[in-house]
Amino acid sequence: MRKRPGLAGLQAAAANRDQFRSLGEDVAKARTDLMKEQLSVFRTQLEEFARKHKNDIRKNPAFRAQFHAMCQKIGVDPLASNKGFWAELLGIGDFYYELGVQIVDVCLATRPHNGGLMDLEELRGHLMKRRRVSREAITEDDCIRAISKLKALGSGFEIFTVGNRRLVRSVPTELNKDHNQIIEAAQSEGYVTAEDIVNRFSWRRGRVVDALETLMKDGLVMVDDGHPDGKRRYWFPCVNTMDVDPDESAGTAT
Amino acid sequence: MEQFKMPYFYNYPPYFTLQPVKDTREKQIQLWKELILKYCKHYKVFVINLDEDFPLFVNSAIERKLSHEARELFLGALIAEGKAEWLDKAHRKCLILWRSVTDWANLILEFVKEYGFEEGVMTLEEIRTGDETRGTDLAGIDKTVLVRALKILEQKGKAAMFKGTAADDEGVKFSA
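From first to last, the protein sequence lines stand for chains A and B. As numbered in this note's numbering, residues 8 to 261 make up the first sequence, in order. As numbered in this note's numbering, residues 18 to 193 make up the second sequence, in order.
Calculated from the structure, these hints are not laboratory results. Some hints could be false.
Said to hold, decoys possible - Restraint-style ranges between C-beta atoms, simulated for each label pair: (1) E181/A <-> E86/B: 52 to 58 Å; (2) L124/B <-> K136/A: 42 to 48 Å; (3) N28/B <-> E105/A: 31 to 37 Å; (4) H234/A <-> Q47/B: 34 to 40 Å; (5) D148/B <-> K136/A: 43 to 49 Å; (6) K22/B <-> V108/A: 27 to 33 Å; (7) E86/B <-> G132/A: 48 to 54 Å; (8) V108/A <-> G99/B: 36 to 42 Å; (9) N62/A <-> L124/B: 23 to 29 Å; (10) Y132/B <-> G163/A: 56 to 62 Å; (11) V108/A <-> K82/B: 20 to 26 Å; (12) M178/B <-> V108/A: 24 to 30 Å.
As the list claims (entries may be wrong) - Computed footprint of chain A on chain B; a stretch qualifies when at least three of its residues, placed anywhere within it, have a C-beta under 8 Å from a C-beta of chain A: (13) 36-50; (14) 114-123.
As the structure is a prediction and not an experimental result, all values here were calculated from the model. C-beta: ideal position from N, C-alpha, C; glycine also.
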């Protein structure tokens with residue numbers, strides 16, 4: 008005869024479930040506690056680390072890069088918020104916001120000259136000059152990070168690669184593939200002639216002139232008819248590593 | 018004299034060609050205007066003669082020079098600002114006022130007070146090349162500019178110009 012479900016049986020089953028639940032809760036709690044503890048240890052150590060190396064992080068670019076790599080590994084973005092303890096503790100947010108402001112400054116000051124397109128390395132040179140007083144060396148990596156933060160402002164700041172160089176664009180100009188290729192061709196000498204481009208890419212002359220005219224209208228190219236051979240040269244201030252003093256240009260821009 | 022430090026754009030060839038795009042050209046004109054003023058001030062150049070090669074307008078290091086059109090345009094821009102004037106109808110000689118005539122007049126007044134010429138008499142030639150002004154900003158002042166500045170002082174009753182016996186023997190009596 009089959010045993011019918013009785014009250015005792017039900018109670019036993021319920022007690023079992025309770026036991027399992029409380030055991031499970033205990034285990035979970037133990038885990039959470041452990042996690043909490045680990046997290047707090049991690050946090051304390053990180054704080055300690057940050058406090059200890061705050062100056063290194065600010066002043067030493069190699070150290071800074073390593074710090075970023077470490078943060079990335081543990082899934083933390085120290086730049087994500089300026090309010091978190093990261094920023095407060097490290098001032099690392101400030102570092103990049105400051106750099107960002109300086110980048111905007113340099114880009115605006117040199118815009119009349121280069122049309123809003125600038126070699127990243129040249130930009131870094133300007134920034135280094137400005138920060139000479141505080142002796143905080145910066146790398147291209149820092150510039151890229153700071154510019155990626157500027158993107159959030161929707162200000163049209165962008166870094167793109169042309170040939171073997173990286174250019175910073177501070178104006179919302181649309182450059183097509185032709186333009187990019189021409190800029191790349193100009194990188195060795197700082198200028199191109201229409202013939203250079205026709206020969207190099209086997210484009211029709213009209214296509215070349217069209218692209219050059221557009222670049223010229225955008226202020227990215229200046230013409231030069233003064234060479235003794237009489238051929239018009241198109242110069243690209245953005246690829247030319249000329250010693251522009253941004254303060255000087257800023258003064259004249261007004 | 019200390020050598021004048023050329024700005025960055027002076028060694029960038031396209032700045033020697035008039036730029037066809039309006040914005041770029043305006044920037045170019047602005048830079049050249051400032052350069053001309055600074056350069057002339059540094060070397061105390063008062064007159065640019067377009068029939069002669071003015072060293073600033075030729076950069077042999079990069080084999081570029083300004084066309085006549087460009088020279089006239091840049092000087093014209095200075096003239097529009099009252100910082101230069103054509104001295105002749107043919108537009109060949111340009112007076113560069115890197116310091117305004119009023120400022121020159123004030124400078125003369127300062128000099129007069131500082132060196133005790135309040136009631137003194139000087140010839141124009143003395144002001145331009147004499148021992149008294151040597152080492153001051155007045156040394157080497159262009160005669161046209163000097164006469165104009167003195168005329169301003171005359172209007173204020175602080176100077177009176179007179180002609181001497183010889184044609185080139187003009188003088189001024191201060192009453193500052």
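#### Entry: Violated constraints from the hint list, given by number and in increasing order
Numbers 1, 2, 4, 7, 9, 11, 12, 14, in rising order.
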